[in-house]
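2 protein chains.
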Amino acid sequence: MNSPAMLTDMYEYTMLDAALQDGTANRRCVFEVFTRHLPTGRRYGIAAGLGRILEYLPHFKPSEDDIAFLVDRHVISKTTAQWLENFQFTGTIRAYPEGEAFFANSPIVQVEGTFAECTLLETLILSVLNFDCAVASAASRMTSAAGGRPCMDMGGRRTNEYAAIAAARASIVGGFQGTANLAAAQAYNLPCIGTAAHAFTLLHDSERDAFVSQINALGVGTTLLTDTYSIEDAITTAVEVAGTELGGIRIDSGDLASLAQQARKQLDALGATSTTITVTNDLDEYAIAALATAPVDSYGVGTQLVTGSGQPTCAMVYKLVEREGSDGRMHPVAKRSFGKRTDGWRKQALRSYRYGLAQGELVLCGSADDLAKWEPSEEYGEVRDMLICAVDHGDIDTSLTTTDALFAARDHHWKSLQDLPVTALSLSQGDQAIPTEVLNISE
Amino acid sequence: MNSPAMLTDMYEYTMLDAALQDGTANRRCVFEVFTRHLPTGRRYGIAAGLGRILEYLPHFKPSEDDIAFLVDRHVISKTTAQWLENFQFTGTIRAYPEGEAFFANSPIVQVEGTFAECTLLETLILSVLNFDCAVASAASRMTSAAGGRPCMDMGGRRTNEYAAIAAARASIVGGFQGTANLAAAQAYNLPCIGTAAHAFTLLHDSERDAFVSQINALGVGTTLLTDTYSIEDAITTAVEVAGTELGGIRIDSGDLASLAQQARKQLDALGATSTTITVTNDLDEYAIAALATAPVDSYGVGTQLVTGSGQPTCAMVYKLVEREGSDGRMHPVAKRSFGKRTDGWRKQALRSYRYGLAQGELVLCGSADDLAKWEPSEEYGEVRDMLICAVDHGDIDTSLTTTDALFAARDHHWKSLQDLPVTALSLSQGDQAIPTEVLNISE
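Note that the protein sequences, when read in sequence, are chains A and W.
Okay, so the first sequence: first residue is 1 according to our numbering, each after it adds one.
Okay, so the second sequence: first residue is 1 according to our numbering, each after it adds one.
None of these hints come from the bench; they were simulated from the model.
Just so you know, these numbers come straight off a predicted model, no measurement behind them.
Do not take every clue at face value.
Intra- or inter-copy, both count: the list cannot distinguish identical chains.
[Claimed, not checked] Below are the SDA-like pairs computed for lysine to any residue, each with C-alpha atoms no more than 20 angstroms apart in a straight line:
#1 340 x 280
#2 78 x 219
#3 61 x 104
#4 340 x 438
#5 340 x 258
#6 373 x 437
#7 340 x 257
#8 340 x 282
#9 373 x 387
#10 340 x 232
#11 61 x 186
Please model the entire structure based on the sequences and the hints provided.
Encoded structure:
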């Protein structure tokens, strides 16, 4: 398995090498992660992945073998190889907490340190955020659509095997209740769920044999898969075998709304009134919303969760916005590339509220001094600072990497949505829920 | 890092546990991986990921800690825990070779063994194939559109950090020439490429300083990023600094066709006639095709490569098609779920050719005996057997996991495309390039 320090693009190391040689590697820098726009029609995004970045950080150092590889491939010089032997990130990272709603130009992560240490982190930070935020944002739309009904991640098989673990974690941030993925359950101590595959029924000489076997192994509280042959026959058999205490049934095909109605009626008629109905057939937020009035107890979501429901990446970029000059002072920097301009200076992100309801995202650009002195005028109502300090001069806030923090992020996600105008929860295409104002206060 | 045996859904283990208890775990089974349909409008898919599955296979065994976790979470009983301590896959895996074109219902992987050993592999096999085939399929469309011009993977930052490695590998299968991703270059001994980020220019007091630094570190053969400020000024500076032997320039924004034209004229006028032009701004196969007449030398592709160009997963499923009954004989099995029916019996996939051109995909379903006896009638022309044996009763063909095999897969990919009707390479929406015929020969 690779060191996290190799989960990156080559040019981070060639830039490091060149900067060490020309003396700019130690210039103080501020890099920021943001997206220029939400995916078309989306009202908000959900920040996720910070905890995973913090988990990687202490291990972000190329091994001896990695360094030998880099030298051998002429990516770095021997001087840089020596420098890397002692590498440790000693900078500061501020970020939107996981579960927070974000918008276009929200500086969801801000990395401050030397050019050398900040540039090495670029690719890994972007990989984590682009994927995790995509999944959490989709998850959030699905859980909103589901109302109080639990949503479960069953998507691991539809994405890369390690992405599956990250997806399970990000889905929790976006309001999911559990995952089918064992590695994720193990890594993050998450509730793990599962029923059975059609293969299990087909393996047996009869559906009854399969149900008996599953109940013998897992008890009557288990969930039986009932759509291998006839759903009606399967439910009859299931209740015969398990009794009315049967935990649940799962339907994985067909018109879920009408099938759930029929199944509920049949279960109730058989006395299995507390047996739950889980549905799992290519669900997305729209399908979930359409099932609102169907007697469904929980949703198992696969493909559309792990692929961000049509938006598998978040277009997050990592841009240098401020750096030390030869005069030893910090200067704003910005590229002018067509359609990809950036705003110089570090950002301070504030969310303004009136009567507890979010009104807008105010992104101030300015020198550290000017930002410290800035006072919001009354027009902004109450303002909340969006960035928390996750790493302070190399000191990682490890409380942000725990399972408790993950569930706290889910709670924060609900609170963050609650504070937005109600149109934020609309699934139809529209503008972002609150506007972003970018304000340069230094010049 | 988790054992590969945990990169899976919980239900694989609960099914194993139940089957061990009821005595069906050792029934011989045949599982098959296929997709019911190509993504809308796609003409073909490209098989990729088999080598990665084979790499995982010897390590696919839960560790002591994993087993303790599974027992602790009541996923498995102590009997199953003991059984897992000695687990080793001893079955047979046949598959479409990497780089092969596939279609709806092509059985791209066939796993034969006991229910116990085959079911445990389901999730991991699907994760690998769903992601890797999605990337290879997109890569293939891009490299076809690029004609002979090299395409390079720069997408690692747009997907999960480990998915990035798999994407780099799969892009090679689909015809790419190299990757920016160091971990992938290291793991698979791939050509690694890179230029510089805008941050590197912004870090310096002037663009000239940045170019001088990069050339000092990497030589004049390097590729300079020229769109931080004015492209025209940057090219002038680049040639002043590097001389006419400058390796290349990269343009990452704006209208790439016209900018490449202008850049080429300017470079030629400055005498830098061999300096190459790389473009990298959110390219997909359509953008690449549109640049066919522009003086572009290579394409750096990011987001659209690693997200499968709109199709981030392949809808591959893993289905039990044949299993031993209580009579000790093999029986076909198929579920009848609405819209998700399967065909029983193991498959033999043949591609039929006339005058060297592929005519159709013939998927025979039948008992092993009947398949062995079957002879194609003349109407099928010449037929080629699509499945190769990758694992023979537990014995892994490790020659399929080497870097040589990866580049051979790329060659095979070109050959496979060449044999298809020319409409296969059309980027417009259409039917699959050749039809799939599913033929049950046993009954």
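(request) Please work out whether the CA atoms of residue 340 and residue 257 approach to 20 angstroms or closer within one copy, between two copies, in both situations, or in neither? (result) between (45 angstroms within a copy, 17 angstroms between copies)
(request) Using 20 angstroms as the alpha carbon limit, work out where residue 340 and residue 438 are close: within a copy, between copies, both or neither. (result) Within one copy only: 15 angstroms inside, 50 angstroms across.
(request) Indicate which option fits the pair residue 340, residue 258 if close means a Cα-Cα distance not exceeding 20 angstroms: within, between, both or neither. (result) between (49 angstroms within a copy, 17 angstroms between copies)
(request) Indicate which option fits the pair residue 373, residue 387 if close means a Cα-Cα distance not exceeding 20 angstroms: within, between, both or neither. (result) within (17 angstroms within a copy, 70 angstroms between copies)
(message) At most 20 angstroms between alpha carbons: which applies to residue 61 and residue 186, within, between, both or neither?
(response) This pair counts as between: shortest inter-copy Cα distance 15 angstroms, intra-copy 25 angstroms.
(message) I want to check one pair: residue 340 and residue 282. Are their C-alpha atoms no more than 20 angstroms apart within a copy, between two copies, both, or neither?
(response) For residue 340 and residue 282, the Cα distance is within 20 angstroms only across copies (12 angstroms; inside one copy 36 angstroms).
(message) For residue 340 and residue 232, with the copy left unspecified, which applies at a CA distance of at most 20 angstroms: within, between, both, or neither?
(response) Result: close only across copies, 17 angstroms inter versus 57 angstroms intra.
(message) My question is about residue 78 and residue 219: at a cut-off of 20 angstroms on alpha-carbon distance, are they close within one copy, between copies, both, or neither?
(response) Classified as between: cross-chain Cα gap 16 angstroms, same-chain 62 angstroms, threshold 20 angstroms.
(request) Evaluate residue 373 and residue 437 at a C-alpha cut-off of 20 angstroms and name the case that applies: within, between, both or neither. (result) within (19 angstroms within a copy, 73 angstroms between copies)
(request) Could you figure out if residue 61 and residue 104 sit no more than 20 angstroms apart (CA to CA) within one copy, between two copies, both or neither? (result) Close neither inside one copy (32 angstroms) nor across copies (45 angstroms); limit 20 angstroms.
(request) Please work out whether the CA atoms of residue 340 and residue 280 approach to 20 angstroms or closer within one copy, between two copies, in both situations, or in neither? (result) between (40 angstroms within a copy, 13 angstroms between copies)
Against the hints set out earlier in the document, a violation occurs for number 3 only.
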